[in-house]
Amino acid sequence: MKTIFFILQKEFIQILRNRTMLPMIIILPLAQLLILVNAATFDMKNIDLYVADKDLSATSRQLVTKFEASPFYNLEKRSFNLEEGHDLLLRDEADLILTIPQGFEHELRTEHQASVQLLINAINGNAAGLIQAYSSRIISEYNQHILVEWAPGQSQNASRPVEVVYSYWYNPEMNYKIYMVPGILVILATIISLFLTAMNIVREKEMGTIEQINVTPIRKHQFIIGKLLPFLIIALFELAFGLLLGRLIFDVPIVGSLALLFGFTVVYLLVILGFGLFLSVISESQQQVMFVTFFFMLVFILMSGIFTPTESMPEWANRVNVINPIAYLMKVIRMILLKGSGFLDIWKEFYSLCIYALLSLSLAVWRYRKTA
Amino acid sequence: MKRFWGFVRKEFIHIFRDKRTLLILFGMPVAQVLIFGYVVTNEIKEARVAVYDKSKDAITRELTDKIVSSGYFKLAKRIENDRQIEQTFREGEIKEILVFEPRFAEKLQNERPAKVQILLDATDANMANLLQSYTSGIISDYSGNIRVEQEKLPGPVIRIHSRMLFNNELKGVYMFVPGTMALILMLVTAMMTSISITREKETGTMEVLLVSPLKSMQIIAGKVMPYVSLAFLNGVVILALGYLVFDMPVHGNILLLLGETLLYIVMALSLGIFISTVSPNQQVAMFVSMFALLLPTMLLSGFIFPVENMPWPLQWLSTIIPAKYFIILIKNIMIKGTGFLFIWKETLVLLLMTLVFLGLSIKNFKVRLE
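For the protein sequence lines, the chains are A and B, in the order given.
Just so we're aligned, residue 1 is where the first sequence starts under my numbering, counting upward by one.
Just so we're aligned, residue 1001 is where the second sequence starts under my numbering, counting upward by one.
Since the hints were derived computationally from the structure, they do not count as laboratory data.
Only a predicted model underlies this, so the values are computations on that prediction, with no experimental measurement involved.
Among the hints, erroneous ones may be present.
[As the list claims (entries may be wrong)] Computed list of lysine to aspartate or glutamate pairs in EDC-like fashion (alpha-carbon distance at most 20 Å, straight line):
no.	chain 1	residue 1	chain 2	residue 2
1	A	Lys205	B	Asp1018
2	B	Lys1345	A	Glu206
3	B	Lys1171	A	Asp92
4	A	Lys348	B	Glu1207
5	B	Lys1345	A	Glu107
6	B	Lys1019	A	Glu311
7	A	Lys177	B	Glu1308
8	B	Lys1077	A	Asp345
9	B	Lys1054	A	Asp92
10	B	Lys1077	B	Glu1062
11	A	Lys205	B	Glu1200
12	B	Lys1045	A	Glu311
From just these sequences and the hints, can you work out the full model?
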């Protein structure tokens, strides 16, 4: 016990005396959290709209007013010239061209139907889908409006056989940030703990100090516990501090039990630390371990569902995710924080991670030899 | 000059004898493109929904069938009482619950409107938004059909014709191939150079190099030469994958495309050199490259989240992210097929950044020589 304490002390001294590393471990990640969460938004604002109104009737103008009134649109320009619109689209100065053909109002009155055209810059398919949905919604609403206005005999209700009402649970304001804060926190805690452990033993190897430790009577498990515990503590501290910032600045709700969250995170970190240690033990240089670690981390992060839900991933990807530790925490941290899920809702993930932690730690211990 | 080539050869040997790193270097772009192509998608396909049908009549069954048969949704659960709603959401597998009010068909016939409620787990606001708009789209369609087909009610109808320019099928590949290139090239080159230079410093071999007859410019040029070629090869691999596997078009001039890629790589290199001149050891160099490059390049460049939607301080911040310009360039050349006239501004920015980083590094490097 005493030996472990001394190793711990050594590790902490080494970490704390390094004046360049310390801010990098603590301040940089949290600053990133504060800044980048604001960038991560799929909300469409400022859709640049170009209107080619060839009809110039009361109806077409009214329709354009509806777009202007919406907070999502930014009326760039209005003219009859479609060419100019195309040019703006090519220069990324317009996202959407609304074309109202000549005779729009007339056709609508006499033939009861007329068309408008939406030309959407679809290089970003996601955004284009949303722009189309928003625009269609505005046009349909306007359609509903003239339906009632032009046919005074009908009541409003008769024209709507089915009404859809919707409610957004857990996040009625549709705030995307409270979804991203836990996600980015997981990434940051993972980067810190994984890279620090992975580089640790290789560094001692490269510097030659590992041999000095190997000749001491320190036992294998003592050495490994002493190596891992500091990073576990740092990562937990990071998470706690990040949560606090998220709570204060981004109003991230903490509905569920924090004890459960931290308990789960400890198991998760054991997996990560074991993994990092394993990579560290089998690698020859810091450059190598860094690239190997980086590769796994990037794959794990992208597949974890941080930006896009795992539910929309194909079946095989979900099977791969069984060995992706980040996917477990990514799901559970959001469940506990935002929905207040309890142990009964997450026990499957919990036990899977426990087994995983056991595996990854034993792998690391098995591969570690006290001979250089 | 002969000395210089000898030095370059040494660097190549350093890289090639580390097989594991080399494997990762080429495995990474391939894995990333495949993951983005097949895994990371916002498309809704067979999203699991639950139905809480308080009416259980022919109409609600028909409407449920219509929603499920659209291909976007899969009926995963039937709910029988109010308490199950919350439980279902907390278990986390189901993101949408449809609730039909009692006497649905009867209300549809007589009172109107008959109400259907969509409950969404909005922890992921974006997903909730998409699910909601798909579902209400299907229901409105159904509702409109009742009016037109059964009741033959005339009324003004505005039809909407949408055309998706440049990307008819709304494929994600148009976003992720340029994004992946920007990310991988930046990380590989900047990280590799910064680490390999700091490594020489840390192990003390830098001094050996400095006292050799090579000029400091030659040392740096020799060190980065292998990385330029590796990164360029990486870029070509990504482009080829996008073109062959995901049908990414190349409408513009391919030479221009490769030239801009090379410029971006040189920019990333000079950034890497700059990082190495300010880092005392490999660990610091790695964390700087990691934190200053990974997340900002992913999030602020317009790769995943459009820059126009960000608050203005971040839009402003994004102007110093090199990847942003590279992504604009690539998209212009590949998808829109525009020529140099449309992109000279972005090219100029990348060129300026390269010069700034190089200038700063040379200044810092000389200081170390004394």
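Tested hints:
1. A:Lys205 / B:Asp1018: holds, 16 Å
2. B:Lys1345 / A:Glu206: violated, 45 Å
3. B:Lys1171 / A:Asp92: Roughly 18 Å separates the two Cα atoms, so the pair holds.
4. A:Lys348 / B:Glu1207: violated, 56 Å
5. B:Lys1345 / A:Glu107: violated, 46 Å
6. B:Lys1019 / A:Glu311: violated, 36 Å
7. A:Lys177 / B:Glu1308: holds, 17 Å
8. B:Lys1077 / A:Asp345: Roughly 17 Å between the alpha carbons, so the hint for Lys1077 (chain B) and Asp345 (chain A) holds.
9. B:Lys1054 / A:Asp92: violated, 49 Å
10. B:Lys1077 / B:Glu1062: holds, 17 Å
11. A:Lys205 / B:Glu1200: holds, 16 Å
12. B:Lys1045 / A:Glu311: The hint holds at about 9 Å.
Against the hints set out earlier in the document, violations occur for numbers 2, 4, 5, 6, 9.
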